[in-house]
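Student: Read top to bottom, the protein sequences are chains A and B.
If you read the first sequence in our numbering, its first letter stands for residue 1, the second for the next number, and so on.
If you read the second sequence in our numbering, its first letter stands for residue 1, the second for the next number, and so on.
Where hints are given, some of them may not hold.
[To be verified] Ranges between beta-carbon positions, derived for each pair:
| # | chain 1 | residue 1 | chain 2 | residue 2 | range |
| --- | --- | --- | --- | --- | --- |
| 1 | A | 132 | B | 445 | 54 to 62 Å |
| 2 | A | 71 | B | 373 | 54 to 62 Å |
| 3 | A | 86 | B | 46 | 54 to 62 Å |
| 4 | A | 17 | B | 203 | 42 to 50 Å |
| 5 | A | 86 | B | 453 | 36 to 44 Å |
| 6 | B | 234 | A | 38 | 51 to 59 Å |
| 7 | A | 103 | B | 345 | 36 to 44 Å |
| 8 | A | 38 | B | 266 | 45 to 53 Å |
| 9 | B | 348 | A | 86 | 47 to 55 Å |
| 10 | B | 361 | A | 73 | 37 to 45 Å |
| 11 | B | 165 | A | 73 | 25 to 33 Å |
Just so you know, the hints here were simulated from the structure itself, not pulled from any lab data.
All C-beta atoms, glycine included, are put in the ideal place defined by N, C-alpha and C.
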Amino acid sequence: MSDLEARIDGEAVTPAKGWRFEIIDPARGIGRLINGAASMPALVEGKASDWVVTIRGRRIPVTVRSWREQVLAGAETAATARAGPAAVRATLPGLILTVAVSAGDTVDEGATLLTIEAMKMQNDVRAPRSGRVIEVSVQAGETVTTGTPLVRLE
Amino acid sequence: MPPFSRLLIANRGEIAIRVIRTCRELGISPISVHSDADVDALHVHMADASERIGPPAPRESYLAIDAVIAAAVRRGAEAIHPGYGFLSENPEFARAVEAAGLVFIGPPPTTLESLGNKLAARRLAQAAGVPIVPGTTVALADDSRELAVIGFPLMLKASAGGGGRGMRRVDSPDDVADALVAARREALSAFGDGTVYAERLLAPVRHIEVQLLGDRHGRLAVLGERDCSIQRRHQKLVEESPSPAIDPGIREALFDSARRVAGGVDFHSAATVEFLLDTANNHYFLEMNTRLQVEHGVTELVTGVDLVAWQIRVAAGQPLPDAVMHASSRGHAIEVRLYAEDPYNDFRPSAGRITAWQMPAGPGVRVDAGVAADTDLQPEYDPLLAKLMVHADDRSAAVDRLRRALDETVIGGVQTDTGFLRWLVDDASFMTGSYDTGLIDDRWGIDHPLPDEHGALAAIAAIAVRTATESSPIRPPDSTRAGSAWADVARRRALR
C-alpha cells in the first residue's frame, strides 16, 4: 500500500490483515472497517501524523509516519538521548535554511527551532521540551554535520 | 385543553429537552432557563424562549431560587418543572414557587423536607412495617459501641446526603472513630448538616426501585420496577425493567412495601422507592425520591405511560385514569447512560468538544440526548450526554437490540463510556442477568490493555485516512482543527 507506518504508544503496529477501511462521512471522520462478511464502524480524527481512531467506543491514538518522518523522528530521539536534555544537535548533515529562535526566547515543546535542508528536503528541528533558549550556535547558510550543537535550552 | 399554557423548566441538558418534548405534545409552551455557559445549548434552542439566570456555576444559576422564579414570572409561566437534580428536591424552592403563585411539579414542600432527611425516611419506612437496611434510626453519637451491634463492614451515611456523597465504608471497630469524624466533616461541608447514621454494608445485593405515580385525589399507581444494580460509586450506569432477578412473588412483596412507604407520604407526583435485595431475596428499604428519576424512560417503554405528562396533569389537578392505574408491563426495556467519562482511566470525566455525534435509531430504540455535534462540554455540569434505551419482546431480544444500537453509536472528540457498555452487553453475568452491584469492580476492573486486534484495526483505519487525505488534489488547509483534512476529502468527493 504505502510506506506509512503506524505506531500506538510508541510501538509499531502491524495493520490487520484482510481488513480495509471504507469512508462513509468524510466531514466527520466516520467510516467502516470491512473484512469479507465482517465489519464494524470506526471513527478517524486528526491530521498529518497524529490520529485518533475510535473502535468499539475506545479512542486509540495512532501515529502514522512516512518513511522520511520515521527517519527524522528516530534521529531526533537519538540526538536528544545523546546530547542530554539541554542541547539540541543536528540529527543529520545539511544546510541550515532558517533559524526561528534567538537567545532569550521561551519555546514550547514541539516548537520549530530551525530548518535544515537535508536529503533535498526541508526538515524542521523541534524543541524536545519547553524552556528558554540560552544559546543559538548556528546561523542560516551554515553547513552542519551530524551531532553539531544547534540550540541549547535551559 | 392543555393543563397549563406556559411551563418553565428549571433544568438543563437531556432532562430539560425531555420535558420540552412532552410540553409540545400537551400543547404547553415550554420556557427554558440557561446559565452563561449554556447560551447555545440544545435545550435553549428547543424551547419557545429561554431566560438567562446567571453565571456558569450552578450555585449562581441552576440552583439560584430567586433567579429561576423571577424568570418564570417574567415569562408568565404558570408552573415549574424542576427535572432531576438541581432544585428538584429542595423544599425551600418548592415553597418559593408556591409563594409566587405558581405550581411546583412535584410533591408538597413538607414531603420534600421529611424525605430529604434520610434518617426520618428510615423511621417512616420502619413505622410502615417495611424492612430497612439494618443499622441506626437515630443520629450517631460519638460513642461507637452501638456500631458493634450492627456488624462490619458498615456504611456511615449523611442524613442530609444523596448521590453517594457523605458516605464512608468502615471495615473494623478500630476505624470507627476516624471515619466518624471524617464523615461528619464531609456531611457538614456538603449539606450543612453533620448528622450521620450507620447501615450494615450488604453484599452481594441488587438495587431495585419501584416507580409510583400519585394524584391529588388519593390514587396511587404502581408502574413496575427497575433494576439499577449496575453502578459505580453509587452512580447508576444501566437500568432495566423488569428486573431479571425477581419472580412474581418477590415483585409483589416489593410493590407492597413501596405502597406502604408511600401511604405515609403526601406526594401527588412521580416517586420512586428504592430497595436493596439480598441473595436470599430479602428486600430492605433504602430511600424514597419524590421526583422524576434519570432512568424513568425504562418504565415509559414497558408501560407506555408518559410519566412527565402525568406529572404535569396531576399537578394541574387531573385524576389518574384507569388506563394508568392498571397499566401493565410489556416486553423488556434497558437503558444505558452515555457519559463523557473514560472507563479505561477509572471513569474520569472527559472534557472537550463533541466532533461527531451519530446516535442509533430504528425499531425499539429511544435516545434522550442533551448534546449534539459541535457541543462544547461544560465542566461545571453533569457528564451525562445521553440515555440510550431499547425495548423488545423479551430480555434476550433487548440485549441483542442494545448491542446493535451501541454498534451504531459514534461519538467523536471525547472519550465516553460507550466502550464499557459495549463490553457489558457481551459479559456473561449481564447476558444471563445474574449480576449484582459489584459487577463493575469485580468484572470490569482497573487495567485495560488495548487488545492487539483493535490496535491492528486502528492502524488500518488511520493509514487509510492519511492516504486518502494526501492523495487529494487539493492541498489540505492549514488549520489546527481536528478533522480538517477530512473536510478536504469531502470537498474532493464533491468535485467529482
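Student: Compare the structure with each hint and give your call.
Tutor: Each hint tested on the structure:
1. A:132 with B:445: 54 to 62 Å: Given about 44 Å between the Cβ atoms, the range is violated.
2. A:71 with B:373: 54 to 62 Å: For residue 373 (chain B) against residue 71 (chain A), whose Cβ atoms are near 38 Å apart, the range 54 to 62 Å is violated.
3. A:86 with B:46: 54 to 62 Å: holds (57 Å)
4. A:17 with B:203: 42 to 50 Å: holds (46 Å)
5. A:86 with B:453: 36 to 44 Å: Because 42 Å falls inside the window, the suggested range holds.
6. B:234 with A:38: 51 to 59 Å: violated (39 Å)
7. A:103 with B:345: 36 to 44 Å: holds (40 Å)
8. A:38 with B:266: 45 to 53 Å: violated (58 Å)
9. B:348 with A:86: 47 to 55 Å: With Cβ atoms ~34 Å apart, the hint is violated.
10. B:361 with A:73: 37 to 45 Å: holds (43 Å)
11. B:165 with A:73: 25 to 33 Å: violated (47 Å)
Checked against the numbered hints given earlier, the structure breaks hints 1, 2, 6, 8, 9, 11 and satisfies all the rest.
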